[in-house]
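Colleague: Fit chain L to the known structure of chain H by using the hints.
Line order of the protein sequences matches chains H and L.
Using this note's numbering, you'd call the opening residue of the first sequence number 1 and step up by one each time.
Using this note's numbering, you'd call the opening residue of the second sequence number 1 and step up by one each time.
No lab work stands behind these hints, which were simulated from the structure alone.
Glycine included, C-beta positions come from ideal geometry on N, C-alpha and C.
Do not take every clue at face value.
[Claimed, not checked] Sample of chain H residues with no beta-carbon within 12 Å of chain L, all distances over it, derived:
| no. | residue |
| --- | --- |
| 1 | Phe101 |
| 2 | Asp110 |
| 3 | Ala159 |
| 4 | Ala174 |
| 5 | Phe215 |
| 6 | Gln294 |
| 7 | Gln313 |
| 8 | Glu334 |
[As the list claims (entries may be wrong)] Cut-off 25 Å, straight-line C-alpha distance, at most; resulting in silico cross-link-like pairs (PhoX-like, lysine-lysine):
| no. | chain 1 | residue 1 | chain 2 | residue 2 |
| --- | --- | --- | --- | --- |
| 9 | L | Lys151 | H | Lys200 |
| 10 | L | Lys47 | H | Lys214 |
| 11 | H | Lys195 | L | Lys93 |
| 12 | H | Lys138 | H | Lys214 |
| 13 | H | Lys214 | H | Lys339 |
| 14 | H | Lys63 | L | Lys47 |
| 15 | H | Lys310 | H | Lys63 |
| 16 | L | Lys47 | H | Lys195 |
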Amino acid sequence: MTLKTVTIVSAIALSTVAATAEEVRVYNWSDYIDEELLAKFEDETGIDLIYDVFDSNELLETKMLAGGSGYDVVVPTGSFLQRQIQAGVFMPLDKDKLSNFDNVWDVIQDRTARFDPENAYSINYMWGTTGIGANIGKVTEALGDDAPIDSLELVFNPANMEKLGECGVHFLDAPDEMMPAALTYLDLDPNSHDKDDLEKAAGVLEAVRPYIQKFHSSEYINALANGDICVAFGWSGDILQARDRAAEADNGVEIAYNAPSEGALMWFDQMAIPEDAPNPEAAHKFIDFILDAQNMAAASNYVYYANGNKASQEFLAEDVIGDPAIYPTPDALENTYIKGPYPQKVQRVVTRLWTRVKSGT
Amino acid sequence: MGRHRLAVLDGHWRRLVGELMRRFLLIAIPYIWLLALFLVPFVIVLKISLSDAAIARPPYFPQFDWAEGIRAFIAELDFENFLWLVEDDLYWKAYLSSLRIALTSTALTLIVGYPIAYGMARAPEEWRPTLMMLVILPFWTSFLIRVYAWKGILSNEGFLNQFLLWSGLASEPLQILNTTTAVYIGIVYTYLPFMILPIYAALERMDDSLIEAAEDLGCSRLSAFWLVTIPLSKGGIIAGCFLVFIPAMGEFVIPSLLGGSDTLMIGKVLWEEFFSNRDWPVASAVAVILLLILVVPIVLFQRNQQKEQESEE
Chain H
1 MTLKTVTIVS
11 AIALSTVAAT
21 AEEVRVYNWS
31 DYIDEELLAK
41 FEDETGIDLI
51 YDVFDSNELL
61 ETKMLAGGSG
71 YDVVVPTGSF
81 LQRQIQAGVF
91 MPLDKDKLSN
101 FDNVWDVIQD
111 RTARFDPENA
121 YSINYMWGTT
131 GIGANIGKVT
141 EALGDDAPID
151 SLELVFNPAN
161 MEKLGECGVH
171 FLDAPDEMMP
181 AALTYLDLDP
191 NSHDKDDLEK
201 AAGVLEAVRP
211 YIQKFHSSEY
221 INALANGDIC
231 VAFGWSGDIL
241 QARDRAAEAD
251 NGVEIAYNAP
261 SEGALMWFDQ
271 MAIPEDAPNP
281 EAAHKFIDFI
291 LDAQNMAAAS
301 NYVYYANGNK
311 ASQEFLAEDV
321 IGDPAIYPTP
331 DALENTYIKG
341 PYPQKVQRVV
351 TRLWTRVKSG
361 T
Chain L
1 MGRHRLAVLD
11 GHWRRLVGEL
21 MRRFLLIAIP
31 YIWLLALFLV
41 PFVIVLKISL
51 SDAAIARPPY
61 FPQFDWAEGI
71 RAFIAELDFE
81 NFLWLVEDDL
91 YWKAYLSSLR
101 IALTSTALTL
111 IVGYPIAYGM
121 ARAPEEWRPT
131 LMMLVILPFW
141 TSFLIRVYAW
151 KGILSNEGFL
161 NQFLLWSGLA
171 SEPLQILNTT
181 TAVYIGIVYT
191 YLPFMILPIY
201 AALERMDDSL
211 IEAAEDLGCS
221 RLSAFWLVTI
231 PLSKGGIIAG
241 CFLVFIPAMG
251 EFVIPSLLGG
261 SDTLMIGKVL
271 WEEFFSNRDW
281 PVASAVAVIL
291 LLILVVPIVL
301 FQRNQQKEQE
311 SEE
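Chain H extracted, bound-state conformation:
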């Protein structure tokens, strides 16, 4: 055999090995990981990693409920996770297979247990708040130096929004986040399932609707960073990523994130394994890899979201652990609320109101 044939034969042999090697399919939020970690996972474990992304819980939930998604690890938000557990979508985690399980942070575990009793099915990946991203220059230009950039007044008071509308405002296309915020603005219970309360919240949103350019759950990162819009109501880390991208581009855009002073929604994205995962072994290995203190810290340092991993905190960059927009002070943590899932009937009402807010019909 010549050398050339040997290489060809071994190349073929190698490729068959690769094809039959272990594989893990992960479905996570967009812009939510340092991609170097993905390569590191493949190097360390020899498992092929297929990493897909989504930008709405609804999309993930529909795949889960249809079954046979083929994913081994998915990352739903707490309130969605709770309902999916009820529907029997997930398998309980085998903690014995998670050597880094002790790294978890009890403060977060206590809160996530409200969605997932005893944290049997899920482990926190990252958490954050939903709040206001503002382009400081444009907002002060529109509203003056005392613009309420840390208050729901900024986005729900039509007088303010009328002026901001001209420089562009995006809201999340997520009724589960926007309705509680509007309820908070009205000083009502953000978890209210009462139809009248929800109607009032929709009224708040409808009043500012004419000044909102778009409802979308991921476009605002770039739009804020490029200076296309001046305000976004969105997720903390996404807005901080926009801040970072603007700083890197050095385009004179200065972005700030503030959790609303009236109270902020605190959410938790949880790693879980679908009941019909093709490769639960590899899924546990992936979760264990993420639970590693240094890996988790690398992910947080990259995406500017806080995580539920106590041990990772010593590896966090100062502009992450030291930033109260990411790791709120204990006082600020008191000023947050957690939202539970809506029952089917209430969900209908909420979605219908949301359609009315968005389309005027």
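Modeller: Just chain L, lined up with the frame of chain H:
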């Protein structure tokens, strides 16, 4: 002798069976195709539309269970979801809005497509394959990428607005992206080949001497066009219009990428039911009604095709 006769009979018999088999297969294949790819999925959707939403996987009840028998299963079904669609004005508004958008964009596509098809059919023969190629070429790129490209063209900082500002035609950027106008542009662009190709096929077959004859008999060029060319390309126009109208009616990708939040289309309503409400039964009911609305134009289209074929034979 007797034996020979038997052999002949046997031969006849075999030929008859063979012929029957051949005919049966010929008819059976399209019917099996229809049954497997249209009727079965439709029955599944219809069945879900008669169920109730539930927190389960899949999220509806009842699931079909052989053990309980078909009668118990059917007893669980009801028309509640269809009543729901009647009660809320969102749905018929969305159907109407889709209908309006589909009709308008079909008309726009015809206005843009007809002159192109006409030009192609009148072009020198050696150019035609190239022109045909140019019409088909965009299909080599993914539909999604082409719609995304339109986002880049139509956005406030996009090529179109930059051109308008540069040329002084507009003093400030026009808001086109995220409006219904952008949806029209998207639909006309995407479905244009489906309009051009059938019209081109009809025009190309046309005999030029008919126009000459009309002009000899005193027609002006314009009236010859109206009285001869248009009627002769009618088949192509009708086929093109249906090919654009039917998919435009249920379009989801174009309105969700290019349209604004106030662009109401039934495809988006269907998405909301399915994804936001997790209400597969109501989503299925919306789909069943959409199909019923579309059955009328589909049947008309089939008739038209049949007539075309008969007139050719």
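Colleague: Which numbered hints turn out to be false for this structure?
Modeller: 4, 5, 9, 10, 15, 16
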